[in-house]
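> Here is what each chain is made of, one letter per residue.
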Amino acid sequence: MTNDTTERTVTKETQQTTHVGTLDAKGATAVTTAGVIETQSMSVYYGPFLAVDDISVSFAANHITALIGPSGCGKSTVLRSLNRMNDLIPTARTEGIVRYHGENIYADHVDPVEVRRTIGMVFQKPNPFPKSIFENIAWGAKVNGFKGSKANLEGLVQEALEAAALWDEVKDKLKESGYSLSGGQQQRLCIARAIATKPDVILMDEPCSALDPIATLRIEELMLQLKEQYSIIIVTHNMQQAARVSDETAFLNVKLDDKGMRTGRLVEFNKTDEIFTSPKEEVTEDYITGRFG
Amino acid sequence: MTVEAPERASRGNFPEEEEYRGLLNRRTRNARLFQAASLMALTFAVLALTTLLYTIINDSFGLVAVVNENQPEDIVAGLGYDPAETSLADLSYDELVGLLQGAVSSGVGRRLEREQRFYEDRLVFETDAVWIEICSSDEPPPGCTAGLRDGANVFSLVQERVVVPDVIAAYELVPSLLSPEEFDAEVAAGFESGRFGEYTPDQVNIEWRAWFSMTFLRSPASSIPEVAGIRTAIWGSVWLVVITVGFAVPVGVGAAIYLVEYAKPSRFNELIQTNINNLAGVPSIIYGMLGLAVFVRLLEPITSGAIFTDGVPPAENGRTILSAGITLGLLTLPVVIISAQEALKAVPDSLRSAGMALGATRWQTVRSQVLPVALPGILTGTILAIARAIGETAPLILVGAASFITADPTGPFSKFTALPIQIFQWTSYPQVEFQKLAAAASIALLLLLLTLNAAAVILRNRYSRRAQ
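Read top to bottom, the protein sequences are chains A and B.
Heads up, the first sequence is in this note's numbering, so the first residue is 1 and it goes up one at a time.
Heads up, the second sequence is in this note's numbering, so the first residue is 1 and it goes up one at a time.
Same shape as in the complex, but just chain A:
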């Protein structure tokens, strides 16, 4: 039942959204609508290899944007570039501009630690810390200088767990290890952990790929609730998932250059309805109808 209502809200919001369109390097300057994150001609290299080239997308606030595409097309690379997680890979290098509320997060004066706090992330495999459920959530607050009392911290943990729809299941065992939870619960714990640091945007890198269908459904419901407060960008292999939850979809594809190097490029970016019902590019249609990928 809850599912139905949320579905309806999505449709309404999608209808209201009219400003999204395909961006290219030239068009990006002319864009008037301010996305929460905008990339302009972003390219990522791993050493000498160009992993993704010339990505220009505007991610709208309080929307779910899905990144889809075949394996190796650089979806995760794009996602990790949005909060500078790629900096952790020693050989990775990002060119172009990524604006967060208009400010280039790759500018010299920007501290990546601050970027990651504002733009949180949930990973493909649930990765709770080997600590108690409580500590899993409280730690992020503590390292970010949480000044509240113990009661405040407990309140924050409860709030985060409630937002991640996990509170009722774990409220009696907050002291138990995060590993004692099931895979789906662990992933919701990771979402709660990301929420607890009060981010603005949450990046999700195939958050359901390690989960069974029921756990997947719960995460999807959760995403639809969360987008009221957060902007969500999700990488997914599951086309139905993209269609179910996202407002906009970006389709990336692999291009082979003459030397046989695989580089990901943005093929099409549009409202999810448009992408799934009347894609502009033939290759998009081929992909979403399952003819390759």
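Bear in mind the hints are in silico, worked out from the structure with no lab data behind them.
Label-pair restraints from in silico Cβ distances:
1. B/S38 - A/S71: 41 to 47 Å
2. B/S350 - A/Q240: 25 to 31 Å
3. B/G281 - A/S71: 40 to 46 Å
4. B/L33 - A/T289: 56 to 62 Å
5. A/Q240 - B/G281: 54 to 60 Å
6. B/N461 - A/R93: 42 to 48 Å
7. B/S350 - A/K147: 28 to 34 Å
8. A/E176 - B/P15: 56 to 62 Å
9. A/N238 - B/V46: 56 to 62 Å
10. B/G391 - A/D200: 56 to 62 Å
11. B/M214 - A/K147: 55 to 61 Å
For each residue, glycine too, the CB sits at the ideal point set by N, CA and C.
Following the hints, complete the assembly by docking chain B onto the known chain A.
Only chain B this time, still in chain A's reference frame:
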């Protein structure tokens, strides 16, 4: 067993039935052969270890032929007891002190009293006036503040000073148990050949002796093997391990954290890595040379404690526990670094990503998430370092472990000896008693090693449980 395969036209490139059976038999035979070979290797290792333990235990207990300067029976009889009913150990504290008073010179007596007093309310060898004077001097002897001697202590003093035993022949444990009469024959033959000098057979007592005993562990070194112990050497070894671990673990773990968590792949870092791996194989005597040149000589003001005091330095030269401990620390550093690196590399990257994605700095992530998970592995490296440090002899000889010392080390600037040094020295003496002492000290060394390792293992298990 044969399995009937259904008839088929051809097996392609696979061997036909007959040939396959032959191959299978050969493979089975090979498998059995290698299993037997590995079992033999294990048996050999266990045998070697058993032999080692057998040898040192065999040497540490057994029958001895003792000649006492004063027979305990005579001493007891002299106090008016029946020697058949009362032994020396049954005497009261006061009687034992009385025996000492009668036997030792006043100079020796005063020295004993200054080490440790006999009575709370009265002095045995010193006069009150002198005692008050020396205790209010700048350097009061330990007896002014230390507790009183206990019964066991005074009993061993009586043994050493009044009975004065001299072991003239010693037997090993197994023959002592199986054929004690042969030892009697051996001693008798010794007298016939004149090997025991001016002693006469009726002076000889044949008795059991445990060379490895509580008294042995509690007594300081001595040139008289009957009363020599290893207390000084044990404390020396413990101090060395503490300083070694205190130096090698923080530095080693720090280096490992840098190399694993921070260092970007580069030629320079590869070079450092290769060098660390090579350093782990450098012979310990080389580290001894380094310790001698750098810590004992070059850094003498520090290692002798001279720069920490205005007046007299705590040690007269750099041959201190501190020098030796840091030398052993350097020796074990590569082992600690390598094992800490392995432990850190084994921590899944997903934990680092998770920490960093929450807006934690790299150091916050390493300290709170990565290190706790790596701690059991780091402690394993520490165990290896302890095991290596406690058995090292060569570098200690070079940095100047004292060959004979009776004072326990009191701090990092003390002169010292260590268990392996003590064993090494005893084995080089010709007298059979010292060989027995060396065997007993080997047991002590193994036990100390086991104790320290057990402590580290318990610590490791506690942390690995907590990390779950």
